[in-house]
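**Q** Listed here are the chains, written in short residue letters.
Number of protein chains: 2
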Amino acid sequence: MNVFVIGIGLIGGSFVKDIKAKMPEAKIFGIDANPEHLEEALALGLIEYKATYSDLDKADFVIVSIPVNATVKELPKILDIVHDDCVVCDAGSTKELICRALANHPKRRNFLACHPIAGTEFSGPSAAINGLYQGKTNIICEVEKTAFKLQEKALEVFQSLGMRIRYMNPKAHDKHIAYVSHLSHISSFMLGKTVIEKEKNERDIFDMAGSGFESTVRLAKSSPAMWTPIFEQNKENVIDTLNEYIQNLTDFRELLLADDFEGIYKEMNNTNKIKSILKGIPLNKK
Amino acid sequence: MNVFVIGIGLIGGSFVKDIKAKMPEAKIFGIDANPEHLEEALALGLIEYKATYSDLDKADFVIVSIPVNATVKELPKILDIVHDDCVVCDAGSTKELICRALANHPKRRNFLACHPIAGTEFSGPSAAINGLYQGKTNIICEVEKTAFKLQEKALEVFQSLGMRIRYMNPKAHDKHIAYVSHLSHISSFMLGKTVIEKEKNERDIFDMAGSGFESTVRLAKSSPAMWTPIFEQNKENVIDTLNEYIQNLTDFRELLLADDFEGIYKEMNNTNKIKSILKGIPLNKK
Chain U
24 MNVFVIGIGL
34 IGGSFVKDIK
44 AKMPEAKIFG
54 IDANPEHLEE
64 ALALGLIEYK
74 ATYSDLDKAD
84 FVIVSIPVNA
94 TVKELPKILD
104 IVHDDCVVCD
114 AGSTKELICR
124 ALANHPKRRN
134 FLACHPIAGT
144 EFSGPSAAIN
154 GLYQGKTNII
164 CEVEKTAFKL
174 QEKALEVFQS
184 LGMRIRYMNP
194 KAHDKHIAYV
204 SHLSHISSFM
214 LGKTVIEKEK
224 NERDIFDMAG
234 SGFESTVRLA
244 KSSPAMWTPI
254 FEQNKENVID
264 TLNEYIQNLT
274 DFRELLLADD
284 FEGIYKEMNN
294 TNKIKSILKG
304 IPLNKK
Chain C
24 MNVFVIGIGL
34 IGGSFVKDIK
44 AKMPEAKIFG
54 IDANPEHLEE
64 ALALGLIEYK
74 ATYSDLDKAD
84 FVIVSIPVNA
94 TVKELPKILD
104 IVHDDCVVCD
114 AGSTKELICR
124 ALANHPKRRN
134 FLACHPIAGT
144 EFSGPSAAIN
154 GLYQGKTNII
164 CEVEKTAFKL
174 QEKALEVFQS
184 LGMRIRYMNP
194 KAHDKHIAYV
204 SHLSHISSFM
214 LGKTVIEKEK
224 NERDIFDMAG
234 SGFESTVRLA
244 KSSPAMWTPI
254 FEQNKENVID
264 TLNEYIQNLT
274 DFRELLLADD
284 FEGIYKEMNN
294 TNKIKSILKG
304 IPLNKK
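As given, the protein sequences belong to chains U and C, one line each in that order.
Per the working numbering, residue 24 is the first one in the first sequence, and the count goes up by one each step.
Per the working numbering, residue 24 is the first one in the second sequence, and the count goes up by one each step.
These aren't lab readings, by the way, just hints derived from the structure by calculation.
Using N, Cα and C, we set each Cβ at its ideal position, and we do this for glycine too.
Do not rely on the hints blindly, as some may be mistaken.
Between beta-carbon pairs, the in silico distance windows are [to be verified]:
id, chain 1, residue 1, chain 2, residue 2, range
1, C, N153, U, K168, 52 to 60 Å
2, U, D282, C, G286, 32 to 40 Å
3, U, Q270, C, N153, 41 to 49 Å
Here are some of the chain U residues that sit facing chain C, going by a computed Cβ distance under 7 Å [as the list claims (entries may be wrong)]:
id, residue
4, H60
5, Y72
6, R276
7, N292
Bound conformation, chain U alone:
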């Protein structure tokens, strides 16, 4: 099987790392707009061959792991080239615009819209790790629009990587993911900004910050190039989550101003149930 990874960073790199481990017979080809990343991926052994779009007619399985704005532009071109038995999967954190962009593509049946819920705050080929997808959820949208035998081919790969599959429509995906992923990134980036702005002397942060702070701002290390287009494509849902988050913070501030510490206790106590909700979420290596 010829596996092509387009965009060889954390997501694509970790993906082919595991594919090669589980399916040694697979040949791994890499395509990347950044020639240095391609060289690095080759040096790291993530890919076996450097390739270009003109080689895509040899592809049996394509994983597209590039920023979502580039995904919308590139997927139609990629589908134009691949043969009829090739399945093309994306890995974007938004699904509605991507699915809409391909709705009428003659090769729509070769595309499987995917969002593997996995990652770390790091990026680039050197961020690729083994087992990133083990036990993680892969959300597949509009599965009925993909040729059945190509669904099967993709599921076989995902299952070999240990992924749980969940089917969803693009609209529901984008709404839910805004809450459990996109909002977390904004809250983390703005927390980091607030502290950096205040603490002119970074030494203070280093000395006083503990693991709690580090955990809460971890996502503020994420790649702006990856995240800006996600916020752009999911703008409406993200604004809804921000409105509710800002309102909850404002209400909490009101309780403080009113010295209603019983109310503050209740707020925190009610939210403690997140413990049971989160139980069982597989954590990524960091």
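Since the structure of chain U is already known, use the hints to place chain C on it.
**A** Same frame as chain U, now just chain C:
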């Protein structure tokens, strides 16, 4: 050396766990308002003897690790009982009110105001872990008000646990810690609240939440009994941090509404410097 731990949970329990490991000759006595916690601490081997305030005259080293509102009430009583060569340390996340409450106590020189920057989101005796304080910062306030030989005694213990010492005045401590610790807890609790409110069906959260969300809401598992009095004692500083955080989130929302994605990229890119700031912060086990 007779070591008394008053409040035998995550902080006090981890503290005496390490003391016993580094100083096997130390005798560990436990006092706790909750008899079940005391029994549990004994069963877990965190303490060797159950004790009461009437035994405190035997104490050479006392660590007070109870909610900060209780600390303000109990410290004066504890100091009344201990002998002249006993050093009493607290571990509170606020320092100004505690130092003020003891300013005129006849035994003020027996007290060392401490804030070990260490912890996890868990609580109770069973949350106590080995090596929690290794490489962590212990902030000491008003050190000059503590008898010199008692400072030395306490530093010897802290250093044997691998802690870095940093001296600060209570006002600066409470202001800085509001940014790097107290605000993180509020941002995390309100993020958890926002998602719980939205996702009536918790199954969706479980399936779609990844390690990024888990990391960002981790602190929402923290104990309301511990945190409510912290927010009460540090109310003014916490409100300042909340005002700035809410403003930054509101500005980010404005950029989204204005489709200023270049501005959004810049915001995230500037905050990426948190990477270098955080480098080297020792993470607690979870």
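**Q** For every hint, state whether the structure bears it out.
**A** Results of checking the hints against the structure:
The supplied range of 52 to 60 Å is met by N153/C and K168/U, whose beta-carbon atoms lie about 54 Å from each other. For the pair D282/U and G286/C, the supplied restraint of 32 to 40 Å holds, since their beta-carbon distance comes to about 38 Å. With their beta carbons about 42 Å apart, Q270/U and N153/C fall inside the hinted range of 41 to 49 Å. Residue-level restraint check for H60/U is violated (minimum Cβ-Cβ distance to chain C is 18 Å; threshold 7 Å).
Violation of the interface hint for Y72/U is found here, the shortest Cβ-Cβ separation to chain C being roughly 31 Å, above the 7 Å cut-off. Because the closest C-beta pair between R276/U and chain C is about 5 Å apart, less than 7 Å, the hint holds. For N292/U, the shortest C-beta to C-beta distance to chain C is roughly 5 Å, which falls under 7 Å, so the interface hint holds.
In summary, the structure is inconsistent with hints 4 and 5 from the numbered list given earlier, while agreeing with the others.
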